[in-house]
Amino acid sequence: MTDYVIFTTAGQLFGLPIEHVQDVFALANITRVPLASPEIAGVLNLRGRIVTVIDLANRLQLDAPRDATAPMVIGIERGAESLGILVDRVGEVLSLAEVDREPTPINLDRTLDATATGVFRLDEKILVALDADRMLDFGSSRSIAAQ
Amino acid sequence: MSSKLRHVAIFSGMAILGDGSVIMVIDPNVLAQSLGRAAPSRSEASTDTAEREPRSQQDTVSLLIFRAASNRPKAVPLSLVSRIEEIDCRNIETTDGRHIVKYRDELMPLLGFEAQARIKKESAQPILVFSEHGRSIGLLIDEIVDIAEERLDVKIAGDRPGILGHALIRGDITEIIDVGFFLAARGSLGRAA
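Quick mapping for you: the protein sequence lines, in order, are chains Z and A. No gaps in the numbering here: position 141 of the first sequence is 140 in numbering that gives the first Met the number 0, and each next residue is one more. No gaps in the numbering here: position 152 of the second sequence is 151 in numbering that gives the first Met the number 0, and each next residue is one more.
It is worth saying that the hints were derived from the structure and are not from the lab. These numbers were taken from a predicted model, which means no experiment stands behind them. Keep in mind that the hints are not guaranteed to be accurate.
Said to hold, decoys possible - Here's a subset of chain A near chain Z, in silico, CB distances under 10 Å, partners left out: (1) 3; (2) 7; (3) 9; (4) 11; (5) 14; (6) 84; (7) 88; (8) 180; (9) 182.
Note that beta-carbon positions come from the ideal geometry of N, C-alpha and C, so glycine has one too.
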């Protein structure tokens, strides 16, 4: 069984293995970074650390309407760097059996397919399991990740 | 700067304000270049200020005091330092006994005060970046101690390469480092003797 932190953005349900998640906090006091790529939502100060926040919906090029009433950030540590994933809502932690993980459907969006490790069928919805490394591998980070 | 923001060259870094909000720090040189105006090269600018400032402020210069290799404090005029950086140790590569790091899309040699420069195995390694004619070197240091406004009066000439001499700074015997030596060592030595 793997524990997944469940969250939604742009109407889509996602899960991230809990060992990648450092903390979860409400979005507050974010500073936009002019000239940054569209994936970057901005930077914020979390207990004295500067966290670079990545907008998951923009990163995955999801066009569906957002629910921006109470946006949340999922904190992820990458070496010396603190990153955050901006999502619409964070749900509970689900224990899901690896045998239930199915390969991503063939009609899944290419960007989403490249960042997903598979899908889980829940009662009513499909949950896309994300790979933290591939999700964060974009833009200038590509060359650094290759080292 | 986060690796996700390196593509925004106009910002040299970020800072946290008193109210906890984060601000971007603009690099004026890059800003000027992006506006299509030629910015004065860093070496010109630094010699300019180094010449003008001492006279106006009774011969004091800003000295960056740091520790490296030994417990004796070392100092360098702040105007000669391009940048103070902390680099991720895992980005440091060693080839032929030389340490190299990828820095702003360039390869930059890292030099130390000892033949076998000690590199931290984990977390962040502080370095001083010196630039000349668009080429940079990184000097491995242990820690930044302080910045002092002092008269730079070298009392005893140095007997080791890389050390100009010794001066009294805030009552402590401090080694004044020879930036020119490290910049010259860039191509051939790869490290200071």
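Hint-by-hint comparison with the structure:
1. With a least beta-carbon distance of about 5 Å to chain Z, the hint placing residue 3 of chain A at the interface is held under the 10 Å criterion.
2. Residue-level restraint check for residue 7 of chain A holds (minimum Cβ-Cβ distance to chain Z is 5 Å; threshold 10 Å).
3. At about 6 Å, the closest approach between the beta carbon of residue 9 of chain A and any beta carbon in chain Z falls short of 10 Å, and the interface hint on this residue holds.
4. Nearest Cβ of chain Z to the Cβ of residue 11 of chain A: about 13 Å, over the 10 Å cut. The hint is violated.
5. Contact between residue 14 of chain A and chain Z, as hinted, is supported at the beta carbon level, the nearest pair being about 9 Å apart and thus within 10 Å.
6. Against a cut-off of 10 Å between C-beta atoms, the interface hint on residue 84 of chain A is violated, since the closest Cβ of chain Z lies about 12 Å away.
7. Hint status for residue 88 of chain A: holds, given a least beta-carbon distance of 9 Å to chain Z, under 10 Å.
8. Look at residue 180 of chain A: its Cβ only gets to about 30 Å from chain Z, farther than 10 Å, so that hint breaks.
9. Evaluation of the residue 182 of chain A hint against chain Z yields a violated restraint, the C-beta minimum of about 26 Å exceeding 10 Å.
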